[in-house]
Structures are given as structure tokens and as C-alpha cells.
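Generate the whole structure from the sequences, applying the supplied hints.
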Amino acid sequence: MKTYPQGFTEKDANIIINSAEGQKAGLVPYKPSSRAAKDSTAVDTAVESDSELDPIEQVQTGVDRIHTDVADELLIRLHENTASFFEQTVVDLVVAMGYAGADGVAARTQLTNDGGIDGVIDQDALGLNRVYIQAKRYALDSTVSRPDIQGFVGALHGVQADRGLFITTAKYSSGAKAYAGSVNTRVILIDGPRLADLMIRYGVGVQIQQTISIVKLDEDYFE
10 MKTYPQGFTE
20 KDANIIINSA
30 EGQKAGLVPY
40 KPSSRAAKDS
50 TAVDTAVESD
60 SELDPIEQVQ
70 TGVDRIHTDV
80 ADELLIRLHE
90 NTASFFEQTV
100 VDLVVAMGYA
110 GADGVAARTQ
120 LTNDGGIDGV
130 IDQDALGLNR
140 VYIQAKRYAL
150 DSTVSRPDIQ
160 GFVGALHGVQ
170 ADRGLFITTA
180 KYSSGAKAYA
190 GSVNTRVILI
200 DGPRLADLMI
210 RYGVGVQIQQ
220 TISIVKLDED
230 YFE
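Each residue of the sequence shown is one higher than the one before, counting from 10 in our numbering.
A portion of the hints provided could be inaccurate.
[Stated by the list, open to error] Derived lysine to any residue pairs resembling SDA-like cross-links, with alpha carbons at most 25 angstroms apart: (1) Lys180 to Asp81; (2) Lys186 to Asp171; (3) Lys145 to Asp131.
[As the list claims (entries may be wrong)] The following label-pair restraints were derived from C-beta to C-beta distances: (4) Ala105 to Leu137: 20 to 28 angstroms; (5) Ile217 to Arg86: 15 to 23 angstroms; (6) Ile197 to Gln67: 49 to 57 angstroms; (7) Ile197 to Gly71: 25 to 33 angstroms; (8) Arg203 to Gln159: 47 to 55 angstroms; (9) Glu61 to Pro156: 47 to 55 angstroms; (10) Glu66 to Gln169: 44 to 52 angstroms; (11) His88 to Phe231: 49 to 57 angstroms; (12) Glu66 to Gly167: 49 to 57 angstroms; (13) Thr220 to Thr194: 40 to 48 angstroms; (14) Asp150 to Asn193: 48 to 56 angstroms; (15) Glu232 to Leu137: 34 to 42 angstroms; (16) Leu137 to Gly167: 15 to 23 angstroms.
None of these hints come from the bench; they were simulated from the model.
Idealized CB from N, CA, C, for every residue including glycine.
The following block contains the structure:
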């Protein structure tokens, strides 16, 4: 009987399987499943792709992957929380983006009798320049349609407003987008993916876990 002092390899196994003794014993060569082969190919492709990037590009690719995962988790958590929490989050985001002046006021309206307005941002101390917000915490796979935007535009007309933000965790239908772009009232539509991206960019609902400093040679030092 042959021994393997250097270790038993897959090549050794195939030799035994294909030998007369192996065939007589009914041994069958191992073949990876199509899914396993596919997963292996995907990993190899990803590794090969990453190896073609320079170190800074690899860091950016890693950061982008982290942001994608965090964005997905943000939308899940927003959808799982209360409607009032979502409305306050939207107001916090708009303020973080700089749409409230130094003496401006940002407020969430009452949950009842709000006339379709969920938040109001005063961009100046006198309230001469206001931004009205509607925040809808819909299922992540649902669609905001044209009637929803029409209702918001009607609410804006009710308070003599000429601009507003409609923000949702869902997405917008083509009809909703077309209507928002056709009316005289300025209506900005922010869907779930863009909402999550803005929250990450402006630090709402997220924390900086780690800061990485990338250095390069200081040419001026060596002159």
C-alpha cells in the first residue's frame, strides 16, 4: 500500500479513483457543483479585478462597498421605525444639508391635520423663504405614483408655496417624475437610494467608524 509522507493531495485522489482498483470499487471522480464553480469563478474575477486597481482605487472600492451595505441598512431601519421618526429624520437631513439659515427654523408638523405637509424649513429668521416637506415611509419595493405627487402639489398650493420636497423610502413611477417636472410648482423628488446616500454624505443616522490618512511624497521637502 502506497503511503503519502508529503501529504495526500487532490491529484493523488484522482490517481487512485482512475486506477483499476478505484474503478472496481466504483469510485467516481469529484466534480464541483455548477453553483460552487460559479461562486469560485466570481471570487476569482473579483480578486483579479481588484488586483488591477492601484492601492488608492482599492481603498475607494472598499469604502463604496461599505457605503452600499450601510445604505441598505439605513432604509431597512427607517422603514421599521415609526412615521414620526422618519419625518423627523427627513427634517434633520434637510437641516444638515444647510437649508436652514443661521437663524432659521426647522419643524415637523403635527401628525394630524397637517394638510399633507410633514415638515417646514424657514431659511431665514422672518420665514420669508420656506421649504415644505412631505415624507412618506413606504415599503422599500413599493412605488410612489402620480396621484401622490398631485396631492402634495395641492397641499403646497393650500399654503401658497411655490416649492417643496417629497422624500420617500420607496421609488417613483415614471408618471410621478413626469408630473413633478411639468408643474409650475418646484417639486424635488428624493427616492430611497438617494435618501440613504444623502444621509451618509451629511452624517445623519451614521457615525464615522475609522479615518484613513493616505500619504504621498512631499516633493517640496526634497527641493
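Point to revise | Ile217 versus Arg86 beta-carbon gap, inside 15 to 23 angstroms or not | key: Roughly 18 angstroms apart at Cβ, these two residues keep to the hinted range, so it holds.
Discussion item. A range of 44 to 52 angstroms was offered for this pair. Does it hold for the Cβ distance of Glu66 and Gln169?
Written reply: holds (51 angstroms)
Check your understanding: Range hint 49 to 57 angstroms: satisfied by the CB atoms of Ile197 and Gln67?
Key -> violated (35 angstroms)
Practice task
Kindly confirm whether 47 to 55 angstroms is satisfied by the beta carbon distance between Arg203 and Gln159.
Solution key: Distance hint for Arg203, Gln159 is violated at roughly 21 angstroms.
- Item | Verdict for Leu137, Gly167 (Cβ pair) under range 15 to 23 angstroms | holds (19 angstroms)
### Message
Lys186 and Asp171 were given as a pair; does the straight-line alpha-carbon distance stay at or below 25 angstroms?
### Response
holds (17 angstroms)
Q) CB of His88 to CB of Phe231, is that within 49 to 57 angstroms? A) holds (55 angstroms)
Next item on the list: Return holds or violated for the Cβ distance of Ala105 and Leu137 against the range 20 to 28 angstroms.
Entry: Since Ala105 and Leu137 have Cβ atoms about 22 angstroms apart, the given range 20 to 28 angstroms holds.
request  = Mind checking the hinted window 34 to 42 angstroms against the Cβ distance between Glu232 and Leu137?
outcome  = Check failed, 55 angstroms falls outside 34 to 42 angstroms.
Do the beta carbons of Thr220 and Thr194 sit within 40 to 48 angstroms of each other?
The hinted range 40 to 48 angstroms holds for Thr220 and Thr194, with Cβ atoms some 42 angstroms apart.
Has the hinted range 48 to 56 angstroms been met by the Cβ atoms of Asp150 and Asn193?
Roughly 32 angstroms apart at Cβ, these two residues miss the hinted range, so it is violated.
Check your understanding: Between Lys180 and Asp81, is the straight-line Cα distance small enough, at 25 angstroms or below?
Key -> holds (14 angstroms)
Checked against the numbered hints above, the structure breaks hints 6, 8, 14, 15 and satisfies the rest.
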